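S.K.: Heads up: the sequence lines are chains A and B, in that order.
Position 121, counted from 1, in the first sequence is what this note's numbering calls 121; the numbers after and before it change by one each time, with no gaps.
Position 88, counted from 1, in the second sequence is what this note's numbering calls 88; the numbers after and before it change by one each time, with no gaps.
These aren't lab readings, by the way, just hints derived from the structure by calculation.
Check the hints yourself; a few may be wrong.
Residues of chain A clear of chain B, computed beta-carbon distances all greater than 12 Å [claimed, not checked]: (1) Gln-7; (2) Ala-39; (3) Gly-44.
Per label pair, the in silico range of CB-to-CB distance [stated by the list, open to error]: (4) B:Pro-64 / A:Ala-97: 20 to 28 Å; (5) A:Pro-8 / B:Glu-151: 30 to 38 Å; (6) A:Phe-67 / B:Trp-111: 26 to 34 Å; (7) A:Tyr-175 / B:Ser-38: 31 to 39 Å.
Short derived list, chain A residues pointing at chain B, Cβ under 8 Å [unchecked claim]: (8) Lys-83; (9) Asp-94; (10) Ala-97; (11) Thr-111; (12) Thr-117; (13) Tyr-118; (14) Ser-119; (15) Val-120; (16) Lys-156; (17) Asn-157; (18) Arg-161.
Being a predicted model, the structure only gives us computed values, none of them experimental.
Backbone N, C-alpha and C define an ideal beta-carbon position, used for all residues, glycine too.
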Amino acid sequence: MVNIVEQPEGHEGQGFFATSMDKAIGLARANSLWPLPFATSCCGIEFMATMSANYDLARFGSERLSFTPRQCDLLMVMGTISKKLGPVLKQVYDQMAEPKWVLSVGACACTGGIFDTYSVLQGIDKIIPVDVYVPGCPPRPEQIIEGLMKIQELAKNESLRRRNSDEYQKMLESYNIETTK
Amino acid sequence: MENSTIQDITSSIESKFPNCVITTDSYGMSNIVCSRESIIDLVGHLKHDLGFGFLTDICGAHYPLSENQEFQVVYHIHNLYKNVRLRLKVNLATADLAIPTMVNLFPAANWMERETFDFYGIIFEGHPDLRRILNMEDMDYHPLRKEYALEDETRSDKKDSFFGR
């Protein structure tokens with residue numbers, strides 16, 4: 001039998017298995033992340049390699065790319081984001097439903113990279129919160145996969161109440177993102 | 001490209017526009033420096049009488065040290081029949097950064113002039129829609145002027161030494 005994912009901790013008996021909601025939901029979320037690729041440059045090419053047969057992101061339950069933010073759990077920002085594109089990226093983030101995660105791929109998305117200039121946003125974390133940074137110029141597909149696995153870890157272990165906590169709401173407010181509360 | 005073609009063109013320009021200065025650069029391309037009062041007439045003459053039907057590019061340049069001609073608008077124009085290119089330059093002073101638009105001669109000038117305005121703040125008089133084209137609408141300066149730092153002010157994790165400064 002192929003062991004697709006590890007069974008979470010819980011109590012097992014004849015004909016039943018009991019675990020907590022946190023773990024069951026975390027397991028489901030982590031293994032069916034729907035990425036929204038926001039690819040603007042060469043990191044996007046590496047992402048295409050990551051998606052295709054050699055590296056095969058589908059192994060992690062993420063083969064279903066979605067090009068509407070409303071269906072997505074994971075915003076993957078890959079490439080240089082100019083200041084003019086900044087509001088667009090923020091709007092895409094706003095349109096995603098909670099829970100959502102952000103993976104910043106490559107030096108440009110993380111810090112502006114070599115483009116230390118008037119037209120380039122100096123890191124997407126100036127406008128939206130980022131969960132995992134993948135460094136590199138561009139990073140290899142292995143690195144992108146590791147970034148995705150880190151996001152999976154976050155999704156798996158996140159408390160179900162985290163998104164309602166004051167701390168989380170304050171973090172969103174610090175980015176001037178409207179909160180639902 | 002035959003020399004006689006170039007000579008025909010330059011002599012035609014010299015007779016009609018005696019104030020233009022025509023030189024040849026080291027690559028054999030002709031440069032014409034003219035005043036902003038005569039640029040539209042000159043380009044009209046080139047287009048209608050000399051077959052220069054293609055406006056390749058309009059761009060700006062900033063030479064902060066040359067007094068009273070700190071800015072320059074550069075036009076590249078191409079005769080597709082004879083494969084002759086010309087470079088036209090108009091010098092402008094910081095105090096009076098205005099030049100007539102070329103939209104009526106070449107509709108393609110519209111976006112090129114908007115770009116030149118965006119990056120240098122040069123006003124193209126008579127332009128139908130002179131607003132920024134590439135930069136953020138709310139940007140409050142013209143970034144390719146040599147009076148601003150190239151570096152971004154919001155950078156927080158970059159050291160000059162890593163960028164050769």
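S.K.: Which numbered hints does this structure break?
M.R.: 4, 5, 7, 9, 10, 16, 17, 18
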